[in-house]
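A.B. asks: Need the complex rebuilt from these two chains, each delivered in its own frame; the hints are there to steer you.
Protein sequence lines, in the order shown, are assigned to chains R and C. If you count the first sequence from 1, position 218 lands on 218 in the working numbering, and the numbers rise without skipping. If you count the second sequence from 1, position 92 lands on 92 in the working numbering, and the numbers rise without skipping.
Worth double-checking, as some hints may not be accurate.
Said to hold, decoys possible - Take a look, some chain C residues computed to stay more than 12 Å from chain R by CB distance:
no.: 1; residue: E3
no.: 2; residue: S50
no.: 3; residue: E103
Unchecked claim - FRET-style restraints, in silico, Cβ to Cβ:
no.: 4; chain 1: R; residue 1: W258; chain 2: C; residue 2: E75; range: 48 to 58 Å
no.: 5; chain 1: R; residue 1: W258; chain 2: C; residue 2: P74; range: 42 to 52 Å
no.: 6; chain 1: C; residue 1: A33; chain 2: R; residue 2: D371; range: 21 to 31 Å
no.: 7; chain 1: C; residue 1: H115; chain 2: R; residue 2: L56; range: 28 to 38 Å
no.: 8; chain 1: R; residue 1: R9; chain 2: C; residue 2: E75; range: 16 to 26 Å
no.: 9; chain 1: R; residue 1: W365; chain 2: C; residue 2: H115; range: 22 to 32 Å
no.: 10; chain 1: R; residue 1: P363; chain 2: C; residue 2: L19; range: 27 to 37 Å
no.: 11; chain 1: R; residue 1: S17; chain 2: C; residue 2: K121; range: 39 to 49 Å
By construction, these hints were calculated from the structure, which means they are not laboratory data. Positions of the beta carbon are idealized from the N, C-alpha and C atoms, including for glycine.
Residue-level listing of the chains:
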Amino acid sequence: MGNWFERQRNIIDFTLSSLLRRKGKNLSLLLVYTLLVFLLASVMFFTHALRKEASLVLQGAPEMVVQRMAAGRHELVPARYLNAISGIRGVSAVRGRRWGYYFDAFTSANYTLLVPGRDAPATGYISIGSGIARSRLAAPGDLISFRSYDGEPMVLMVQEVLSSGSELVSSDLILISEQDFRKLFGMASGMFTDIVLSVRNSKEVATVAGKVLKLLPDTRPIMKSEILRTYDTIFDWRSGIIVVILSSAVLAFIIFAWDKASGLSAEERKEIGILKAIGWETSDVLLMKFWDGAAVSLTSFLAGVLLAYVHVFFTSVMLFEPVLKGWSTLYPSFKLVPFVSPYQVATLFFLTVVPYTVATIVPSWRAATIDPDSVMRS
Amino acid sequence: MIELRDIRKVFNEGKPHALTAVDGVSLVLDSRAVTVLQGPSGSGKTTLLSLIGCMARPTEGRILLGDREITSLPERFLTDVRRRTFGFIFQQFNLVKGISALENVMLPAYPLGEHHASLKKRARALLDLFGILPRESARSEWLSGGEAQRTAICRALINDPQIIIADEPTAHLDTKLSREFMDIVGRLKTEQKTVIIASHDPLVYGSSVVDRVVTMRDGRIEVAGQ
Numbered sequence: 001m002g003n004w005f006e007r008q009r010n011i012i013d014f015t016l017s018s019l020l021r022r023k024g025k026n027l028s029l030l031l032v033y034t035l036l037v038f039l040l041a042s043v044m045f046f047t048h049a050l051r052k053e054a055s056l057v058l059q060g061a062p063e064m065v066v067q068r069m070a071a072g073r074h075e076l077v078p079a080r081y082l083n084a085i086s087g088i089r090g091v092s093a094v095r096g097r098r099w100g101y102y103f104d105a106f107t108s109a110n111y112t113l114l115v116p117g118r119d120a121p122a123t124g125y126i127s128i129g130s131g132i133a134r135s136r137l138a139a140p141g142d143l144i145s146f147r148s149y150d151g152e153p154m155v156l157m158v159q160e161v162l163s164s165g166s167e168l169v170s171s172d173l174i175l176i177s178e179q180d181f182r183k184l185f186g187m188a189s190g191m192f193t194d195i196v197l198s199v200r201n202s203k204e205v206a207t208v209a210g211k212v213l214k215l216l217p218d219t220r221p222i223m224k225s226e227i228l229r230t231y232d233t234i235f236d237w238r239s240g241i242i243v244v245i246l247s248s249a250v251l252a253f254i255i256f257a258w259d260k261a262s263g264l265s266a267e268e269r270k271e272i273g274i275l276k277a278i279g280w281e282t283s284d285v286l287l288m289k290f291w292d293g294a295a296v297s298l299t300s301f302l303a304g305v306l307l308a309y310v311h312v313f314f315t316s317v318m319l320f321e322p323v324l325k326g327w328s329t330l331y332p333s334f335k336l337v338p339f340v341s342p343y344q345v346a347t348l349f350f351l352t353v354v355p356y357t358v359a360t361i362v363p364s365w366r367a368a369t370i371d372p373d374s375v376m377r378s
Numbered sequence: 001m002i003e004l005r006d007i008r009k010v011f012n013e014g015k016p017h018a019l020t021a022v023d024g025v026s027l028v029l030d031s032r033a034v035t036v037l038q039g040p041s042g043s044g045k046t047t048l049l050s051l052i053g054c055m056a057r058p059t060e061g062r063i064l065l066g067d068r069e070i071t072s073l074p075e076r077f078l079t080d081v082r083r084r085t086f087g088f089i090f091q092q093f094n095l096v097k098g099i100s101a102l103e104n105v106m107l108p109a110y111p112l113g114e115h116h117a118s119l120k121k122r123a124r125a126l127l128d129l130f131g132i133l134p135r136e137s138a139r140s141e142w143l144s145g146g147e148a149q150r151t152a153i154c155r156a157l158i159n160d161p162q163i164i165i166a167d168e169p170t171a172h173l174d175t176k177l178s179r180e181f182m183d184i185v186g187r188l189k190t191e192q193k194t195v196i197i198a199s200h201d202p203l204v205y206g207s208s209v210v211d212r213v214v215t216m217r218d219g220r221i222e223v224a225g226q
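Chain C with its partners taken away, still in its complex shape (with noise of 0.2 Å):
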C-alpha cells in the first residue's frame, strides 16, 4: 500500500516563476492494482508519479511505503528504495543509445553489484519472456517502436521491483502497440505486481485490466475513483 498524505509540489519555490505542479494530495493506492492518474497535460500526473516512485521530495506532506514513510530518507537511503522497490517505464522509454537491448536491460542492476553471469542470465530470461531475446544485441536506436518499449519493460522488471511506474507508455505506440502493452500490464497484475500509470490515453484508462482510474486537474485530485 501506498499512501500520500497532503502532498504538495512546488517547483522554483519562492522565486517569481514559482510553480505548484501538485497541491494538497492526499491518495492510498492498493498493492497488487493497477492505477490509472488520469487527467489533461499540465495537471500533475507525471510529477506525482515522481513523487511516489521516490525521484524527487514533495515541498510538503508525507509519502508511506507501507508502513514506512519515506519522504524523511537522506538521498542515498532514497535511491536504494527506488532501485529495489520501483521498476520505471518511461514516456520515450528513455533506452542509452549505442549499447545493445541487453546491456539496457542489465543497466539499473550494476551498481547492486550481482555477478556478471547471474545478471545476464536473468536479462536474457526477461527478453526471452517478452519475446525480443533474439534482438538481444541489436544496439537500442535499431530497435522498433514494440522492441524498444518491450525491451524498457525488461528494464524496469530486471531488479524484480513490487511496483511499476510508467508515464505515457502509449505516447509514441499505435493502437495495436498501446493493446499490446496493456496486455502486459494485464500480465504484471497476474503477477501481483502493482501497476500505476500516468496516461491521458483512453486506450490506457479505458482499459479491462485497469483497477481503479484517478483523475487529476491543476495539481489537485478531482475524481479519485474506485
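Just chain R, same shape as in the assembly (with noise of 0.2 Å):
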C-alpha cells in the first residue's frame, strides 16, 4: 500500500512539474476551462436557487386560484362567486382577492398593486416593496402620485417599506387599501380579481377543481402544482436560453480541448518514448497523462464551482440578471439562500471532468504502446 501510495506521489510529483514547464499553455487552458465550468455553474445554481426559492414562497399560497373567464380573457369576479364555492364540500376557505398592475411612465415600471386580506394599510397610505423604493428614493412619509382610471391625479403616503427578506415576491409590490384600490382602477364594490380558497383535503384538490368548473363554467381553476410547474417551466427556459448561447463557447472549448489533449507534440511523444526506454511501463505513462488530465479538469472545475457559487449567491448574478430575473424594469437585488445540489454537481462534473480527462488520456494510449527502442532509432 506504502509502496501503491508512494508510485502515486512520485508519478503526481513528475506530472505537476511537467505541467508548470508548459505555463503559458496549460495556464490559458485553465482559465479558459474555468470560465466555461464557471459559467454553465453559474446558470445551474442559480436557475436552481430560485426554483428553490419560488417554491419555498409559494408553499404558503392557497391550494387554488379560480379565475373567471370571458372571450377567453380574465374577467372580474363578482361577489355571488364565492358565496357558490364555499358550498362545495371539501373548501375550507374562500377569499375574493384585489390585485392589479399599474405602469408608473416615471420610472417605465410596472407596479404589482396588491389589497391584503389583513393588515392593509388605511386609506390614503401605501405600504411599497424596496424595488419601488429604490427607483422613486422614497421613504415612510413620502408621498407617491399616481394617475387614477379617470385621469384624475391620486396621491398616496409611504407607510412602509416592505422588508428586503421578501424582494423575491415583493421587490415591485404595493399594499394599498380597498377603498384606494377601487378608486384608482374604477372597480366596483362586491367585484374581484379571482378568488383564493383552501381545500381541507390535499388530495381532493382536482376533485374539488372539478366541482367549480361545473358550478361556474366561466371559470378556470388553477391549482397550486400548476404553478409550480410553470414556474419550473419558466426557469427552465430561461436556463436553456442561456445554455444554447453558452453552447456556442462550449463547442469552442471541446475543439480546444481535444486540440489540446489529442495533438500531444512531437516533444511530448519523444519525452513519452524517454520514459518508456528508461524503464516506464504503459501503465505508468497513462497514470501520469491521467494525473495530467485530472490535475488541469479538477482544479478548473473546483475555482468555476467556487467562482459561479460567490457569483450566484453573494453578487446575485451580476452577469445574467437581465435574461433570468424576468421582464421588469424593477429587477429584485435579493440574495439567493445558498442551496446547491449535490445532483448538479455530480452532472457538471461528468459532463467537464470526465470527458476531458478522457479526451488526455486516449491519445496518450497510443504514444504510449510504441516500442521503447524507438528512442534509441529516432
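C.D. replies: Here it is in C-alpha cells:
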C-alpha cells in the first residue's frame, strides 16, 4: 500500500512539474476551462436556487386560485361566485382578492398593486416594495402620485417599505387599501380580481376544481401544483436560453481541449518514448496522463464552481441578471439562499471533468504503446 | 552472462520495405566486463543493443539473461526486467527538457514506488559522485555537454542496474569529454558492472578499459573478438 501510494505521489510530482514546464499553454487552458465551468455552474446554481426559492414562497400560497374568464380573457369576479364556491363540500375557506398592475411612466416600470387580506394600510396610505423605494427614492412619509383610471391624480403616502427579506415577491409590490384600489382602477364594490380557496384534504384539490368548473363554467381553477410547474418551465426555459448561448462557447472549448489533449506535440511524444526507454510501463505513462488531465480539469472545475457560487449567492448573478430575472425593469436585488444540489454538481462534473480526462488519456495510449527502442532509433 | 542464440530482427516484416537489421547473431557476453559493439552505420549495433536491453523483441531466436530466457516474457515482466537490470545511456542523452538534472536522475525510479525523500537522497549522492551536485537544480537544457552526459549516466545508475547499455555515447562529445566518459566506464567496471557499448569511435573501442570488441557488418558478426 505504501509502495502504491509512493508510486502515485512520485508520478503526480512529475506530472505537476511537467505542467509547470508548459506554463503559458496550461494556464490559458485552465482559464478558459474555469470560465466555462463558471458560466455553466452559474446558470445551474441560479435557476435551481431560484426555483427552490419560488417553491418555498409558494408553499404558503393557496391551494387553488379561481379566475373568471370572458372571451378567453381574465375577467373580474362578482361576490356571488364566492358564495357559490363556499358551498362546495371540501372547501375550507374562500376569499376574494383585489390586485392589478399599474404602469408608472416616471420609472417606466410596472407595479403590482394588492389589497391584502389582513393588515391592509389605512385609506390614503400604501406600503411599497424595496424595488419601488429604490427607483422612486421613496421613504416612509413620502408622497407618491398616481394617475387614476379617469385621468385624475391621486396622491398616497408611503407608510412603510416592505422588508427586503421577501424581495423576490415584493420588489415591485404596493399594498393598498380596498377603497383606494377601487378608486384608482374604477372597480365597482363587490367585484374581485380572482378568488383563492383552501381545500380541507389536499388529495381532493382536483375533485374540488372539477366541481368549481361544473358549478361555474366560465371560471378557470388554477392549482398550486400547476403554478409550480409553470415556474419550473419558465426557469428551465430561461436557463435553456443561456445554455444555448453558451453552447457555442462549449463547442469552442471542446475543440480547444481536444486539440490540446489529443494533439500530442513531437516533444511530448519524444518524452513518452524516453520514459518508456528508461523503464516506465505503458500503465505508468497513462497514469501520468490521467493525473495531467485530472489536475487541469479538477482545478478548473473547483475554481469554476467556487466562482459560480460567489457569483450566484454573493453578487446576485451580476452577469445574467437581465435574462434570468424576468421582464420587469425593477429587478429584485435579493440575495438567494445558498442551495446547491449534489446531483447538479455531479452532472457538471461528469460533463466537464470526465470527458476532458478521457480526451487526455486516449491519444496518449497510442503514444504510450510505442516500442521503447524508438528513442534509440530516432 | 548474456547469451544470444541465433537472433534475427526484421523491421516491417512481410512488407515490401522489410529490413533485416540483425541476421543470425549468436553471442555470449561476459558479466562484469566492458564489451563494445563496433561497426559502420547500419551494421545493426543499435538494434542488437536494444534487443539485449529488452527494449524490443527479436523476430527469431532467444536471449538468455543468466539462466532466464527473456524473449518470451510478457510486456509487463519485460519492462520490469529492463528497469531493474539495465541502465541506458543514449546517443543524445535524451534528458527530459524543462525539469532539473536531479529530477531527470530520479525519473526511472518513480514507478517503483520508492519513498520520495530516500530516492532524492540517492539521486543527490549519485550527482555528487559524478561531481555535478552543484548543478542539481539546473534545467537539463542549461547543462553543458559534459554535465548532460554525466546526468544521463547518473540516471542510468539510479536503479542500481547490473548492466549498463550505452548507444554511441561519445557521438556528440569532444575528445576530452569522450576520454572522461571512458574513465567513468572504467570506474563502473571496477564496481563490477557489465557495460555494453555500441560505437564506431576509435576512442571507445581502442580504450584500455574495453575487454572485448565485437565487429558487426550488415547485421552479422564479422569479428566476435575475445
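A.B. asks: If a hint holds in the structure, say so; if it doesn't, say that too.
C.D. replies: Going down the list of hints, with the structure as the test:
| no. | hint | result |
| --- | --- | --- |
| 1 | E3 | 20 Å, holds |
| 2 | S50 | 4 Å, violated |
| 3 | E103 | 6 Å, violated |
| 4 | W258(R) x E75(C): 48 to 58 Å | 29 Å, violated |
| 5 | W258(R) x P74(C): 42 to 52 Å | 33 Å, violated |
| 6 | A33(C) x D371(R): 21 to 31 Å | 28 Å, holds |
| 7 | H115(C) x L56(R): 28 to 38 Å | 54 Å, violated |
| 8 | R9(R) x E75(C): 16 to 26 Å | 25 Å, holds |
| 9 | W365(R) x H115(C): 22 to 32 Å | 30 Å, holds |
| 10 | P363(R) x L19(C): 27 to 37 Å | 28 Å, holds |
| 11 | S17(R) x K121(C): 39 to 49 Å | 19 Å, violated |
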